[in-house]
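J.: These are the residues of each chain, in order.
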Amino acid sequence: MSCTEVNPGASVESVLVTTDSCENFEQMSSSLEEIKNYVGKSPEVSDSSTSVDNLEESNSLNAVGSDDDYIRSKDWLEKKKHIFVLSSAGKPIYSRYGIEDKLVTMFGVMQALVSFVQDQNDTINCIHAGSTKYVFLNKNHLILVAISKTEESVPQLVSQLNYVFNQIASILTLTRLNKIYEQRRNYDLRRLLSGVERIIDHLLNFYEIEPALTLGAVQCLSLPPSIRDTISSAITQACSKIKNLVFAILLANNKLITLVRMKKYAIHPADLHLIFNLVQASESFKTVESWTPLCLPRFDASGFLYGHVSYLAEDCQACLLLLTVERDVFFTLSEAKHKIVEKMRRANCLEAINESLNSTDGTCLNAGFPELRHYIYKSKSTAQFHQPEISAPYINNTERLLMLYKRAHRRLHSVGRPLKLLFERSPQEAVLAWDTRGFELYVILEPLIETSAAIASVGKLLNWIKKREDKLFHLNAPTF
Amino acid sequence: MTGKVEVTLNNFFIFNSTYGNNEGEEKNKILFYHPNTDHLDTQIKNVGLAEAIIQFTASFKPDGPIKSVHTLKRRQMYFQPEPNFWVVMTLNLPFIRKIKEGSEIIEYTEEDVQDNVYESVLKQAYHMYRLFSGTFVQAIEKTSLDILKTKLEQFFTSYFTTLKLHHCDIVNIFNGIQCLPLDKQTFLNVQCFINAMECNFPIIKHTAFLYNDHMIWSGIEPSNMQIVYQYLIKTLLPAHLGSELLCGSMPRNQPSPFAALHHGRFITGPENLKASTSIGKIPRVHLYSDTDCTIYHLVVYRALSASVCLFIEEKEELDMKIFKELDDFIGPALTVIVSDIAEYCTKQVVTPSSQSETNPKFIYFNKMNLAYKSSVHLDNKQTGNIAVTKECLKLISDINANKDLLEYAGEVIVKTMNDYWVVGKMSNLREFYVALQQKNASLIEISDEVKKLCDTELKGIFFHSL
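So the protein sequences, as listed, match chains A and B.
Residue numbering for the first sequence follows full-length UniProt numbering, starting at 1 and increasing by one per position.
Residue numbering for the second sequence follows full-length UniProt numbering, starting at 1 and increasing by one per position.
No lab work stands behind these hints: they were computed from the structure.
One or more of the hints may lead you astray.
[Stated by the list, open to error] Each computed DSS-like pair below joins lysine-lysine, with the alpha-carbon atoms no more than 27 Å apart:
#1 373/B - 315/B
#2 451/B - 420/A
#3 149/A - 403/B
#4 61/B - 420/A
#5 79/A - 403/B
#6 460/A - 439/B
#7 452/B - 149/A
#8 339/A - 263/A
#9 139/A - 73/B
#10 81/A - 403/B
#11 451/B - 81/A
[What the hints assert, rightly or not] DEER-style ranges, computed between Cβ atoms:
#12 290/B - 140/A: 49 to 55 Å
#13 460/A - 235/B: 54 to 60 Å
#14 418/B - 460/A: 26 to 32 Å
#15 184/A - 417/B: 45 to 51 Å
#16 186/A - 105/B: 30 to 36 Å
#17 293/A - 407/B: 47 to 53 Å
#18 123/A - 452/B: 47 to 53 Å
#19 96/B - 116/A: 23 to 29 Å
#20 461/B - 120/A: 35 to 41 Å
#21 130/A - 143/B: 30 to 36 Å
#22 229/A - 4/B: 52 to 58 Å
[Unchecked claim] Over the 10 Å line for every Cβ pair with chain A, so calculated as not near, a few chain B residues:
#23 9
#24 41
#25 62
#26 74
#27 115
#28 124
#29 143
#30 155
#31 161
#32 323
#33 359
#34 395
#35 443
All C-beta atoms in this analysis are idealised placements derived from N, C-alpha and C, irrespective of residue type, glycine included.
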């Protein structure tokens, strides 16, 4: 294979921070302080740290006895993937299935295991029993546990736990989370997270049905480049005079339309996934213009950004987020939003978005690749990916398709022995996964295809994508 | 100081979870604990943690028994060979010492320790113990718990000194048997010899015939032979090789001058038939079928490069007379057969040119008959004498770990970051792996190369042509 020169969707500058998906999750790319200082303002907008002292001691848990029958129920045990979050003192915080209070004993056991291994100056990472994996992620004050009967690998499960942790940090900020537990180790965090369970549930489902989170990339809504540029400049113009606006994000149907950013700053795909998830999980955004504090843990885990969130219009279900470091500029941003919508409407952008939302990207067959069943192309320099519409035989079995990708991704990015290329044939299908400097490509082919024919199609496919790159990817990285 | 430290044994223990359940009697759970330098409190703590982990995992009803626990610094492997009895092995992960910004940091290379490899190592340790000492339950029923503890102590303490943990690889997973293919005539000669011997000496229940490290014939179940074979080629035969070399090697191409001579002697049994007064030490082995267990004397007779293993039921009394008769029968006959085999093998020897470094190296394994063949390993000693990089070997184990995903047949081709290629082909229960060091090759060339290799090395062995 020697067609590496073709590198569709590559771009010198990216709106997204481009790193591998399985790296250190604690590393932040930016600092809010810096932004405020940059525009010459004193850093007085600190996080709204509620004094923990105001919150009464929690002792309600003692009343609820452990319920072994509950844990033994067949229904509960048969769940494919359990996720638990507990404090390092063993207090339940979240359980994906069931009521935490009924699982107190289980949480106790998990906490004991973690601390016992810690006493030996070691850290427990995972346990394998049969094909079931028990994965532990030990954060400063929280313990996150996944018990999975799916085929997902340990690093993939760890990444899901990191997403859950980031979701919690996104509600509270990491600084506040740490402060709470430094002041009171036994604190019952659930009182601060009411309503967040739903978002975490949604996030976990999101990981299971979307390849984006596994890939560490986002998919763009395909749009003619001129339209995308018009939208970007509508946003830039409307917002150019607004101070301290960090990001403007327009998305629809889990796909990115455009992202305009403050100079020098980029957003990490993991943070963008949290935003996608938040938008999708919150029906209320559809009806009211909202103002919401939001911490982007990979951007700066210590403080909040404030987001003006609204859908463009009744007749265009794209969601616009304007993120700023100012906590009281709702009306300024609301005004900006109306300007943006007006401009877009005049330039027929709303129709273009609707048209793209209502049409499909076409299957491999439509694109003239009958031997390909499906593929995912990820451009590394922009952290964006493209996939065609799902076609036979996976229409009713998207789960298998996604599992094939997760399998291939896991082996390509194996921690100890990463691969450049993987070609695997089973009686069901042939899978080709290829990691180059510029892109990652995962292709599912007919099982009986000749190796040489497979290579030829892949070369053709890359050229096909290259021709359409400015439609499929967001290649400019506009700034305010 | 910087450098790499290989995987080492942290501890190894055997316990029964139903013993010592009263407060303060926890130490009774432990049947064996290595190293015994660990304080009793530490021993009890480690066993307690293992029990807790076993219970915790079981409460979620996994589809199989617990296999391993991964921590930052260690790997713990679990095996329950008999109800309530657990064998647990803890490894210290290999690590690299690095100097970063003036201070020393330690980087554990978790991925270098593969679960499927060490799972096999652990199981093999138990099976080797069971071969000589029977099951734990048998020992307790027949003798006593204390005797079982002594037996475990005797066996495992020395077993771990021989184990080269950092050289364990895919071979441990297969735990296969290398066979020697012969021409019809020579094979029939071996067969005739074994039949005649078993007829003349009805006390011989089963026979196995080896030439060097290769098996030609085995009359016992493959699952039993697997363990006996490991014992023979790793322990018993190497120990006797030294003394044999003193007798001079056999000139291979001359018409056999040995027909009348007699080069054999007992490896297990009396050392010298004329001078010895006792029959010497003869190992007793436990062979298992689905339902029961039979104990045999394992008498091994060796002439030149061939070893004949005789399985004689435990109840038979062995004396000098029987050994003399055996020697009279086997010695001359075997010498003739061996010279035929040697002659045949000389003709088959591949010329060194075809074994050059860049040639593809392969491993073949058939789970049906446990037959195994490798040009990746240059000897059977597991001392790291390999023809490919360690990374390639580990990739082969990775592919093996994923082989169930391919169902009944499949093919995997991977290219590493160093541009090595590793290929795995599976068909029903047969597995074939190839490592190629062709930096600039394309996927198509590699795929063709493997096809060619299949044709030359695996003539007549069917692989689904996907």
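J.: Hint compliance check: list the failing hint numbers for this structure, sorted ascending.
T.: As far as the earlier hints go, 1, 4, 7, 11, 20, 25, 26, 27, 34 and 35 are violated by this structure, in ascending order.
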